[in-house]
Amino acid sequence: MTAKRSPGRQVLLQGNEAVVEGALAAGCLFFAGYPITPATEISEVMSYRLPAVDGTFIQMEDEIASLGAVIGASLAGVKSMTATSGPGFSLMQENLGFACVAEVPCVVVNVMRGGPSTGLPTNVSQGDVMQSRWGTHGDHPIIVLAASTTQDCFSLTLRAFNLSEKYRTPVILLLDEVVAHTREKIYLPHPDEIEVIDRIRPNMPPDWYIPYEDNSRGVPPMSPFGEGYRYHVTGLVHDVRGFPTQRSEEIVGFMNRLFRKINQNFFDIQQIGEEMIEDAELVVMAYGSVSRSARRAVREARERGIKAGLVQLISLWPFPRQAVEPILRQVRAVLVPELNMGQMSREIKRVNQGQTRIETLNRIDGSLIGPNEILTRLLRM
Amino acid sequence: MAEATKLIHKYLRHDKKFPHVWCPGCGNGILLGSLIRGIDRTGIEKDDIVIVSGIGCSGRLSVYVDFNTVHTTHGRALTFATGIKLANPKLNVIVIMGDGDATAIGGNHFIHAARRNLDLTAIVVNNNIYGMTGGQYSPTTPYGAMAATSLYGNIEHAFSIAELAVMAGAGMVSRGTVYHAAMLDDLIEKAILRRGFAVVEVMSHCHVQYGRRNKMGDAVDMLRLQKESAVRAEKAAQMSEQEMRGRFTIGVLADREMPVYTEEYEKVRKAAKEMMDGGRKAEGEEAKAQGKRRKRENEGQARHAEI
Amino acid sequence: MQRYEIRLSGSGGQGLIFAGIVLAEAAGIHDGKFVCQTQSYGPESRGGASKAEVVISDEEIDYPKSVKPDLLLAMNQKSCDSYFFDLKPRGILVVDSTFVRQLPTTRATSIPFTLLAREKLGKEIGANIIALGAIAVLSGVVSLKSLEAALTNRVPKGSEDFNRKALKIGIEAARDAMKQKAGIEEYEDSSDQ
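Protein chains in written order, with the working numbering: chain A, 1 to 381; chain B, 1001 to 1307; chain C, 2001 to 2193.
Don't take each hint at face value.
Derived coverage of chain A by chain B (criterion: at least 3 residues anywhere in the stretch with Cβ under 8 Å from a Cβ of chain B; other residues may be distant) [said to hold, decoys possible]:
hint, region
1, 71-82
2, 240-253
3, 306-317
Everything labelled a hint here was simulated from the structure, so no lab data went into it. Since the model is a prediction, treat every value here as computed from it, not as a measurement. The C-beta atom is built at its ideal place from N, Cα and C for all residues, glycine as well.
Just chain A, with the same shape it has in the complex (with noise of 0.2 Å):
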């Protein structure tokens, strides 16, 4: 008897490539993007791969051209997606905001680097948690994932894609500058392995089309431009036909329906990893980079008695709630280590509402948390 051989293949890639994989995978065909550290990589892997398959790379003179050109790239019918880190993310909010709006899906990868401002540009960060979530102007729901493996990189990108297809919304993925450049042996699955969402078509007459119409999804059908359905796109808020409106209640019909294509969703988009959390009593909740710094961490405070647990996030917006909230009722005292002030700790406070413990472990200098220093915090708690 022979083993049953992988159809796929292991690789040895960085982070920043593993997500033009993903994203290849998910049928990625058009990538604008601006050079910056540390996300260039991924610009770069772009530029010679999507040629081969007859996608488009564009080099933009910005960030918010970069966003911009992709957003009408996927009006056109093609899936698509930039890179970029602090600096650019931030001239990219006003965009990312248009597509909220207009329901263009798109996948924006921040590959997160100290900040505020040009900051740390070769150091890691996590300090765009919050800005990932509130970054662009007025009230809006949005999709918010974080790798912390390489694997990671490939499978999230491709989950990205797949989100932001089957709730027409912009996703974010963040990385950050140690997720990016690790170089790990991954698995690349063969196409027949994975999963990929297309966007839901119209298949109506165009004469009965109507481009923002309710339904039961919430998500309504999306044409490309060129095929006999002409509709209107605009960042103003609009009518079930797309025409601006500033009528109360369809206003409110709008804005009520983009929550719920995300709320009425949430357990589809709600994502956690666990790790011997049955019997915990200390509970360290991290994402990305650091995460891996607490999984040692966990299991060294294991090896010496003490009963820790780990809550890896991965979608970080909408927060987990359902997930996390039965854990923090259930151990005697969270940790949360971050690398910024304070971003997630502050989300899982205003979710535990003052019943468990949760003390913050909080580094800003450019360097990564080290499973040492989370084991020392949770040797005395």
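Please build the complex by placing chains B and C on the supplied structure of chain A, with the hints as guidance.
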């Protein structure tokens, strides 16, 4: 049915409630007329046309016309248009911008779109002012003019949009006015049919925000001024600098055959495929490609510039 | 095998990150182990401090960077001084004696990688590969066959022989150094009796 009525029925959106947002006497209405006449003459199907507009009075144009339309963020219309055109080069993409839209907040995109010579039509409506926000000075407000933010007279100097486009490398550049409507139909038709980046600067007026502040009379007076100031390109070539003072040239100002971006990109695709696929057959090429890539990795991981 | 951590340090342009990638590919793809390769770097492409790390394990790797290196390669004095204190007790210190003149411990293995490259290869550019060969022998965490396969697969076509030769020089230099060390240790041992 009158020809004009037929065009209105064919190209304006029945389901969009008129009247439009523009003030009585505004040049945008004339431009809208020229746009649909120009498009009609090209014979291109409505499904194959995308109108992309920015923010401002002219930006509202996209909502009224029955094409694939996008009303984008302020200044970014050309970036959206770039993505649309590259994703589906069969689409004819026409971008409508105002002077503030194209040369202030979107100035960077304007020069780079021209430089790339991507096959787009860019119509820039120049009324020398930010009209929608209430008459603040724009990059084309003349020196000394009054505006809501230059009550002591504008101390900045105006851009010439058409000349800027020529210098930046646009394939075709022309200038018209809303007074010379028949000529404008013609310029827009030519620009749409021209392969490459084709700019039409449309000299218009804002009697409400600009004319009123600068004692230039009503819409009719300002249209008359366009008639008197505009000099056809052929005639302007024979006039001295002295004679041209206070006037501007209309007509086709530049028309150059240059490589179009999408065609250039086809070459990139061909080269990429040869390197990836062909390389697998004749191993050398791929190894060379990988060698280059690996050499880069060897040299260092990222380009570290602090950008 | 439990987690084994290697840190390669020196200055930018010495090819340490490339060496790290080859080592990771040899251990990960060819030997089938779990690997993590990370690096830190300054804004400059040449001349700044450069550090590459490789973690090799039979189990899935949690923390991707090295906590306490089992082996430290220092290609210049500054990196030797900076990182020696991080080394695990009884960890292996390997220095390029072309540049490292002050050894922090007598247990260090000194091999003049750059000098060897200059003399035997005719250019300094192969020093990183010579060091790679030496590390493989001294650590024993990667098979030499895998290392050669990963190396020839990663280098530009036409330079395989040059790199193979460099690797061999490193392997031999490390074996010589080990023999010499073994001799000394034997001598020390006998003096204790």
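Q. Mind checking, does the region 240-253 of chain A have 3 or more residues with a CB under 8 Å from chain B?
A. holds (count 3)
Q.
Is the coverage entry for the region 306-317 of chain A by chain B consistent with the three-residue Cβ rule at 8 Å?
A. With 0 residues in contact (Cβ-Cβ under 8 Å with chain B), the coverage given for the region 306-317 of chain A is violated.
(Q) If you count the residues of the region 71-82 of chain A with a beta-carbon closer than 8 Å to a beta-carbon of chain B, do you get 3 or more? (A) Coverage by chain B holds here, the residue count being 9 at a Cβ distance below 8 Å.
Against the hints set out earlier in the document, a violation occurs for number 3 only.
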